Structures are given as C-alpha cells and as structure tokens.
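Visitor: Heads up: the sequence shown at position 331 corresponds to 330 in numbering that gives the first Met the number 0, and the numbers run straight through without jumps.
Hints listed in this document are in silico derivations from the structure and should not be mistaken for laboratory results. Small disclaimer: the values here were computed from a predicted structure and weren't measured. Hints may be right or wrong, so weigh each one.
Restraint ranges, calculated between C-beta atoms of paired labels, are given here [to be verified]:
{"id": "1", "residue 1": "Pro156", "residue 2": "Ser347", "range": "51 to 59 Å"}
{"id": "2", "residue 1": "Ser411", "residue 2": "Phe358", "range": "28 to 36 Å"}
{"id": "3", "residue 1": "Tyr382", "residue 2": "Trp419", "range": "22 to 30 Å"}
{"id": "4", "residue 1": "Gly416", "residue 2": "Trp330", "range": "40 to 48 Å"}
{"id": "5", "residue 1": "Ser245", "residue 2": "Ser345", "range": "21 to 29 Å"}
{"id": "6", "residue 1": "Ser245", "residue 2": "Leu137", "range": "25 to 33 Å"}
{"id": "7", "residue 1": "Ala290", "residue 2": "Ser267", "range": "31 to 39 Å"}
By construction, the Cβ of each residue, glycine as well, lies at the ideal position given by its N, Cα and C atoms.
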Amino acid sequence: MSVKVHSPVDDMRLVVFSFAGVMMAGTILLILPWSASAPLEHPISWLDALFTTTSAVCVTGLSTIDVGRDVSFFGQVVILITVQIGGLGVMTFTNFFIAVSGRNLSFMQRALIEKTHGTLPSRIKPATLLRDIFLFTLVLEGIGAILLTLRFNADYPLREAVWMGIFHSISAFCNAGFGLFSDSLMRYRNDVTVNLTIMGLIVTGGLGFVVFSDVLNGLTCRRDHRPAHLTLHSRMVLMITAILISTGAIFFFMIEYGKEAMGSDMGSSILASLFLSITTRTAGFNTIDTAHLTAPTIFLVIMFMAVGGSPGSTAGGMKTTTLGTLLAVVWSRVRNRQRVEFLNRSLSDETVRMAMFTFVAFYAVATAGFFGLLLSETGTTPYDPSHDRSLALLFETVSALATVGLSAGVTSGLSDGGKWIIIGLMYVGRIGPLILGMSLMGHRPSKRFTLPNESITIG
0 MSVKVHSPVD DMRLVVFSFA GVMMAGTILL ILPWSASAPL EHPISWLDAL FTTTSAVCVT
60 GLSTIDVGRD VSFFGQVVIL ITVQIGGLGV MTFTNFFIAV SGRNLSFMQR ALIEKTHGTL
120 PSRIKPATLL RDIFLFTLVL EGIGAILLTL RFNADYPLRE AVWMGIFHSI SAFCNAGFGL
180 FSDSLMRYRN DVTVNLTIMG LIVTGGLGFV VFSDVLNGLT CRRDHRPAHL TLHSRMVLMI
240 TAILISTGAI FFFMIEYGKE AMGSDMGSSI LASLFLSITT RTAGFNTIDT AHLTAPTIFL
300 VIMFMAVGGS PGSTAGGMKT TTLGTLLAVV WSRVRNRQRV EFLNRSLSDE TVRMAMFTFV
360 AFYAVATAGF FGLLLSETGT TPYDPSHDRS LALLFETVSA LATVGLSAGV TSGLSDGGKW
420 IIIGLMYVGR IGPLILGMSL MGHRPSKRFT LPNESITIG
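Work out the full structure, taking the sequences as your base and the hints as a guide.
Guide: In structure tokens:
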C-alpha cells in the first residue's frame with residue numbers, strides 16, 4: 000500500500016487555481032448584458048471584463064472602464080463580491096465555512112491559512128483566527144459603511160448613499176481602490192470625515208489580521224494587569240508602517256505644497272499629503288490628480304508602492320517586513336554583527352533568505368513587465384525626450400504588480416498587449432512570485448550534501 004505524501008506545492012497550486020477560478024467566474028458575469036449600464040451602446044468587452052475582474056480579485060483598482068458610469072448595479076455587485084473574496088483570500092472563505100460547520104480543519108487547510116495570513120503565534124488557533132478575521136472584517140467594514148453613508152447622504156439620496164457607503168468601505172478595507180466616482184475621491188479632497196474613514200480602513204486592512212489579533216491580545220492583557228508582549232513580527236510591522244506613513248506625508252508635503260496638484264492651502268495640503276502617503280502603498284484611492292504630481296513625487300510614489308502593506312493583510316507589494324529585514328541586514332553589517340538583529344532579537348537565516356528572494360523576485364518581475372509595456376506602448380520608434388512616457392509606464396507597472404491601483408493616467412489608453420501585461424502583473428502580484436514559481440516548477444527534493452565553500456568579491 001502506497002501512501003501519498005502531501006507536498007507544499009499542492010497547497011500553492013490550490014491557491015493559484017482558486018484565484019484563477021474566481022477571475023474566470025467574475026469575467027463571465029461581467030460580460031453578461033445586464034452587467035453594463037448601457038449594453039447596446041457601450042457593452043463591456045471580454046478583455047475589459049477580464050481586466051476589471053482581475054483587478055478586483057487581486058484588489059488592485061486599476062480599470063479600463065468607469066465602474067460608476069459604465070457598469071450596472073448588478074455588475075457593481077459582482078465587482079464588490081470579487082473584491083471581498085480577493086481581499087480576504089479564496090481559501091480563507093473556504094476554510095471559514097468548513098470551520099463554522101463544526102468540522103476540523105485538515106493539516107493541508109491549516110498550512111494554507113499560515114501561507115495566507117503568516118505564521119501564527121502559538122496561542123492563536125487557525126479556526127479561531129478565521130472566526131476573528133470575519134468578525135473583524137464585518138465590524139470594521141460596517142462601521143466604515145455607516146460613517147460614509149451618513150456623509151454621502153448629504154449629497155445623494157439615501158438609497159444611493161447606502162450603496163456608495165458599502166461599496167467604498169469594503170473597497171477601502173480590502174485595499175482595492177475601486178470607487179463609484181469617476182474622479183476617485185477628488186471631490187471629497189477636503190472632507191475630513193471621508194478622508195479619515197477611508198484612511199482608517201486602508202491602514203487596518205493593510206496591517207494584517209495576525210498583527211491586529213496580537214495588538215488586541217496585548218490590550219486585553221494590559222487591562223487584566225497581565226504581561227503583554229507583542230511578537231517581533233507585529234513590532235516590525237507597526238514600526239515600519241508608522242515610519243513610512245509619517246516620512247511619506249512629510250516628503251509629499253514638502254515637494255508638492257504650492258504646486259498644481261495640492262495648491263497652496265496649508266490644511267488641505269497636509270490632509271492630501273497624509274492621504275497620499277497611506278493610499279500610495281496599498282489602496283489606490285486618490286484625492287488629488289496623480290497626473291499633475293511632479294516627477295520627484297512620482298518617483299517616491301513608485302518606491303512606496305513597491306513596499307506595499309504587511310504580510311497576511313489585504314495589501315500587496317514586497318511587504319513592510321521585507322523592507323524591515325533588508326534594513327536590518329544593512330544595519331547589522333555596518334555594525335559588524337555576525338547575526339542579523341532587529342529590536343534586540345536575531346532574525347533567522349531563513350527569514351533573511353526569504354526577504355532577499357522577495358526583493359529580487361519583485362524587481363525582476365517589475366523589470367520584465369516594464370520592458371514589455373515599453374515594447375507594447377512605444378514600439379520601436381526612436382526615443383523622443385519631449386514625448387517620453389517611460390515614467391508613467393513604470394508607475395503603471397509597479398502599481399499593478401504591487402496591487403496598489405494608482406494610475407498615471409495611461410490605463411484606459413493601453414493597447415490590448417499592454418492590458419494583458421498589466422493583467423499578468425496584477426495576478427503575479429496577488430499570488431506572489433514564490434507561490435507561482437513553485438507551483439509551476441513542482442516539488443524538488445532538497446540536496447542532502449554540502450558543496451565546498453569558496454569566496455567571491457562583492458562590491
């Protein structure tokens with residue numbers, strides 16, 4: 000009797016195909032006549048449907064159509080459902096329904112939860128985490144929907160305001176960036192309620208559910224006068240997130256204050272800078288016209304988009320822990336430490352290797368995608384500095400791969416080839432280069448011997 004050994008590659012293939020399945024289902028629903036607001040005059044093409052569904056499942060927000068104008072209520076519901084499924088993860092939904100039915104999660108299902116949401120502290124059981132994820136999501140999205148509905152009701156009828164509140168709350172928490180306004184949130188640029196609500200949803204959704212559970216546990220311990228210790232993972236996520244938000248807001252304000260995009264109003268510019276710093280790494284909403292940002296700001300936005308959110312969250316990018324680990328590597332080397340240290344803890348060699356792989360893989364895929372867009376959108380015509388679109392195409396590349404959704408204004412004008420490249424980048428960005436690569440290459444047994452060491456010159 001032969002016993003089949005479970006392989007991690009099987010888990011990864013399941014994740015890859017589950018996202019692809021939702022993408023196909025959403026595409027089929029979006030090309031139906033009743034998904035378009037004007038099916039006879041402006042039907043949704045299958046490529047635009049695939050592009051939009053991929054963007055929704057991968058919680059990106061890039062779109063070649065105007066969701067508020069070109070898509071019917073039915074189509075908007077389809078997009079919102081795919082955003083919610085994509086934000087939490089297909090396997091999270093599947094395992095949640097298994098857990099609430101009273102059945103025990105298999106070893107494979109527990110492994111998938113850890114792959115999706117990160118390594119769990121010993122005190123957190125997978126089934127408990129799934130329950131907390133759905134409760135946490137429902138409560139925060141509900142609060143956000145209520146606050147936004149109350150604000151939108153001042154400008155729209157109650158029925159429209161309720162739907163707008165629900166749609167934007169779920170989209171913000173899932174870091175998707177889809178909106179029902181043609182100008183994203185530019186019309187509410189100076190509205191404190193809308194800005195703070197959307198920013199709060201983006202940040203909480205981008206921290207990761209394990210981090211939030213860790214923080215809540217710490218607060219409970221403090222209330223009960225018990226020792227409270229955050230894990231190193233949570234401390235790194237919170238520290239890097241706070242540093243990125245604050246430094247981003249300061250730099251954006253210093254560069255753009257008084258310029259065309261932000262204007263010269265101090266209060267409005269501060270609010271816009273803070274919103275840009277938060278949405279840049281994860282969500283894709285915008286309260287100012289990104290097409291009017293200066294070149295230095297565009298470059299900084301690209302760097303922030305590449306970092307993205309945190310592991311186990313609804314956000315994409317390389318992740319804050321990758322940046323934190325790489326900075327720790329550099330700092331430890333500068334101080335001539337034998338081990339990589341962060342906050343009085345040593346990081347494992349496996350953690351450092353994964354950070355290096357994530358960094359290299361992200362920029363390798365981004366380089367390939369950028370080169371593909373240059374070929375598809377500029378062709379082989381001679382280079383003309385006065386009509387250079389390279390920065391805008393690089394912006395679009397990183398935005399898609401990091402599943403951010405901000406656009407430099409070229410998405411709707413992409414060729415069919417360019418759309419396919421962006422679709423591929425969004426998919427790889429949501430699945431992750433490691434999972435996709437291992438699922439394609441299959442299981443490879445590790446070597447049981449060590450090769451001789453030899454040094455090479457670096458730098």
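Visitor: State for each hint whether it applies.
Guide: Each hint, compared with the structure:
Here the CB-CB span from proline 156 to serine 347 is close to 56 Å, well matched to the stated 51 to 59 Å. Between serine 411 and phenylalanine 358 the beta carbon distance is about 31 Å. The supplied range of 28 to 36 Å therefore holds. About 24 Å separates the C-beta atoms of tyrosine 382 and tryptophan 419, a value consistent with the hinted range of 22 to 30 Å. A hinted range of 40 to 48 Å holds for the C-beta pair glycine 416 and tryptophan 330, which are about 43 Å apart.
Judged by the Cβ atoms, the range 21 to 29 Å given for serine 245 and serine 345 holds: they are separated by roughly 27 Å. A C-beta distance of roughly 30 Å is found between serine 245 and leucine 137, which places it inside the suggested range of 25 to 33 Å. Between alanine 290 and serine 267 the CB atoms are about 19 Å apart, so this pair departs from the stated range of 31 to 39 Å.
Against the hints set out earlier in the document, a violation occurs for number 7 only.
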